[in-house]
Amino acid sequence: MAEKDMQVRDKQELQTQAESTRSVPVYVPAVDIYETEENLVVLADMPGVAPENVDIDLTDDLLTIRGTVTPEGQAERMLLSEYGVGDYYRQFTIGRIIDQSKIEAVMKDGVLKLTLPKVDAAKPRKITVKTK
Amino acid sequence: MALFRWSDRPDVFRPFEELEREMTRLQNEMSRLFGGVVGSRPFLGGVGVFPPLNVSEDADNIFVRAELPGVSPNEIDIMVEGNTLALRGERKLPEAEKEVSYHRRERDAGRFSRSLTLPTRIEADKVEASFKNGVLTIRLPKAAEARPKQIAVKVAA
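Line by line, the protein sequences give chains D and W.
In terms of my numbering, the first sequence opens at residue 1 and continues consecutively.
In terms of my numbering, the second sequence opens at residue 1001 and continues consecutively.
These are calculated hints, taken from the structure and not from any lab test.
None of these values were measured; they are calculated from a predicted model.
The reader is advised that the hints may include incorrect statements.
Stated by the list, open to error - Computed footprint of chain D on chain W; a stretch qualifies when at least three of its residues, placed anywhere within it, have a C-beta under 8 Å from a C-beta of chain D: (1) 1104 to 1117; (2) 1142 to 1154.
Claimed, not checked - Using 30 Å as the maximum straight-line C-alpha spacing, the simulated DSSO-like pairs for lysine-lysine come out as follows: (3) W:LYS1132 x D:LYS4; (4) D:LYS130 x D:LYS118; (5) W:LYS1092 x D:LYS113; (6) D:LYS118 x W:LYS1092; (7) D:LYS4 x D:LYS130; (8) D:LYS118 x D:LYS102; (9) D:LYS102 x W:LYS1098.
Where is the CB? At the ideal position from N, CA and C, for every residue including glycine.
Excised from the complex, chain D in its bound form (with noise of 0.2 Å):
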């Protein structure tokens, strides 16, 4: 696994019907999404972005992740680009099995982890056979 070269693998802008108020370009971050027995993990690619500038919703069952960039040398002159700078914008839809009042954030190095608890009822419970 670490001996893989890492690809180029371009930023997918957003299409979207809404229009945006900000004169940037909105790119779908890339996001790694996992399963423990008590959470569910959300890991998102958005450099660039601060963590007061992340803003995360969970309305019903559905979850917006939004960051917003501060770009950076706006006074100098471009003499070559090959990336685009731009805010973030990912909506998910997760079934509702979410504890809403536990769900953390934590921001570092240009990467979201966000922790969403499951409810009791959602964790797996074992059951264990008794025996007379």
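With chain D's structure known, arrange chain W on it following the hints.
Chain W alone, transformed into the frame defined by chain D:
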């Protein structure tokens, strides 16, 4: 023989005009279709070397930026030799907890390296790099002789 401009050449000299026009139209159509793909990385030319870089300058510096989310700053090697900048590193994904089931896996990991020829001479010993919110910024001060110089016009007495 009378001289005429190439664009004004009489019809007898351009029997394929119709075809030519059709070819141009097709070409335009093609570049419009693929413009979105090519246009987003105009300088890379589909080489696909990670990470993509943005290079800019102001009067005194060249700035090289790269988006490297989740890469530890300790895992990035930057080297400057002459007017070549080399960048190397690795993105490691932390081992996920055991017994997890993945719903989606889009994030990539692995090694990367890139080198870039800088457009001007730089002062190699004054290069600075910073890493903030997953964005690497390398500031390369231009060598004195590469900086714009203001020359005052002397007024002859």
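Now the hints, each set against the structure:
1. 1104 to 1117: Coverage by chain D holds here, the residue count being 9 at a Cβ distance below 8 Å.
2. 1142 to 1154: Per the Cβ count (0), the hint is violated.
3. W:LYS1132 x D:LYS4: holds (25 Å)
4. D:LYS130 x D:LYS118: Satisfied, since the Cα-Cα distance of roughly 27 Å is no more than 30 Å.
5. W:LYS1092 x D:LYS113: Holds, because 15 Å separates the two Cα atoms, which is no more than 30 Å.
6. D:LYS118 x W:LYS1092: The given pair, whose Cα atoms are some 28 Å apart, holds under the 30 Å limit.
7. D:LYS4 x D:LYS130: violated (50 Å)
8. D:LYS118 x D:LYS102: Distance of about 9 Å is within 30 Å: holds.
9. D:LYS102 x W:LYS1098: Holds: D:LYS102 and W:LYS1098 sit about 22 Å apart, inside 30 Å.
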